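Participant: This is what each chain is made of:
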Amino acid sequence: MLKITDLVKEYPNGLRALKGVTLTIADPGVVAVIGPSGAGKSTLIRCINRLVDPTSGRVVLDDMDVTALGRRDLRKARRRMGMIFQEYNLVERLTVMENVLSGRLGYVSFWQAWRRRYPPQDVAAAFDLLDRVGLDGRENTRADALSGGQRQRVGIARALMQRPDLLLVDEPTASLDPKTARQIMRILVELAHELGTPALVNIHDVHLAQSFADRVIGLCDGEVVFDGGPADLTAEALTAIYGEEDWSATIRPADEDDENGENAAVAEAV
Amino acid sequence: MADTRIWRPPALIESPALRHGLTLAVILYLVWSIGGLDIDWGRVSQGLPRAGRMFERMFPPNFERWELLVRGVVESLEMALVSSLVGMIIAVPIGLCAAGNMVPKPVYLAARAIIVVTRTFHEVIWALFFVKIVGFGPLAGVLTLIVASVSFISKMLAEDIENMNMGQVEAVRATGASFPKILLYAVTPQILPRYLGVAIYRLDANIRHSTVVGIVGGGGIGMTLTATFKRYDYDFSLAILLTIIALVFLGEFFSSWVRGRLR
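Taken in order, these protein sequences are the chains called R and P.
Counted the way my numbering counts, the first sequence spans residues 1 to 270.
Counted the way my numbering counts, the second sequence spans residues 271 to 533.
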């Protein structure tokens, strides 16, 4: 369970990115965080594993106060939180397998990491994950030779290698085309449900958020302005998050099956 | 009616008075400094025939004392190799500490200070200094080239680390990796090819510089060259100069060949 209380982040340039965010994630499932650019979505996610240090407030994962940890304990806490990035952030000159295994860096010794001698069960788990994300046979490809969608699959495998208690996902699809974006979201959501891992997903695309999330949090100007199910995301709610706009085309009828929707669109195009 | 709108790019210095004033000041300074050079045309005219006689005595180049030549060349090459290798190793910690995105401010400033101080003085000055300390010979030359290599390679390394993709570092940090593991997994893969390229380039540079530091007593072929000038053995001097040219050519080819293969 993740409990965030009164989280504030003020950057050295005076920008208050978060102005007292309080939220609790108790159930496994996908929580989408939506909001305009600059609303503090990335800061929120980075404050949870303290890639960004919050100014005040508390982040508690299960019964561990992440905000109070020293360096060594913080590294241990980070092992429990897998992170997936918008620009994938794979180490480009390393192979797919090395990137996936880097999810175990927090568990192996420096010399094991140096010699790339990971425990056999980790290697087996890595092969399974590569299979699962559809990259079987690519383990020795260098990461810079992959397409965007393939890179994000590696990113997902790397995060899941940590066997995390929480997934932090920062704009996983913003650099991808619409079809690949849906595929990536589907893999992510399926795996999160399968493993029972709660996932906090920053996402720009309201449509994707509605289709894939179990819960949606709306962030505006550093504050939570919406918290509810994807069906509760009405025109009024979107206006509260993003400001005035004609939302009629954005809101999806709650009962529409998105797979059929996709196919219908393809059929129309043909 | 014709369009009368015109556009000119804005001048570099906006105020016309300042702009024309600066131009005038530069011209005046040029005239004044040329006047102050005090060129003695008599000595220039005497020097020309002297140069002619010197070149006459240089031809044909004399390779009779080739053993001396070979010994000098081998010594220069050894100096270049040893100093590049040692410099390459010492430069790693200094370069890392001089990267502002990896270390705390005081460490950064200290490492930058080392680089600035070592870069301030030219190799020849370091060579003069080391010749005073350890005496004439290749040891002084090697020490000089080590100092020069360390400052050069560590500066390039620091710049590369500062320009690397921090996203990759962030991702590895997010797995719970410690600082040494981040260096190993996110920093090294990004900078290794460039680092090796710089080190190979420095080897090439050290071959050239090893001939210069020899002139002030740092050993190698440069030392042999000074001796021939002092004894007016100009034909042997030319032989040495030709050898140095060949040596630098080979170094250049080797270095660009290796760097072309590093990717």
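No wet-lab data here; the hints were simulated from the structure.
Just so we're clear, the structure is a prediction, and the values are computed from it rather than from any experiment.
It is possible that part of the hints are untrue.
[Stated by the list, open to error] One side only, chain R facing chain P, incomplete, derived with CB under 10 Å: (1) R78; (2) E98; (3) R158; (4) E245.
Note that beta-carbon positions come from the ideal geometry of N, C-alpha and C, so glycine has one too.
Participant: Could you tell me which of the numbered hints above are not met by this structure, giving the numbers in increasing order?
Facilitator: 4
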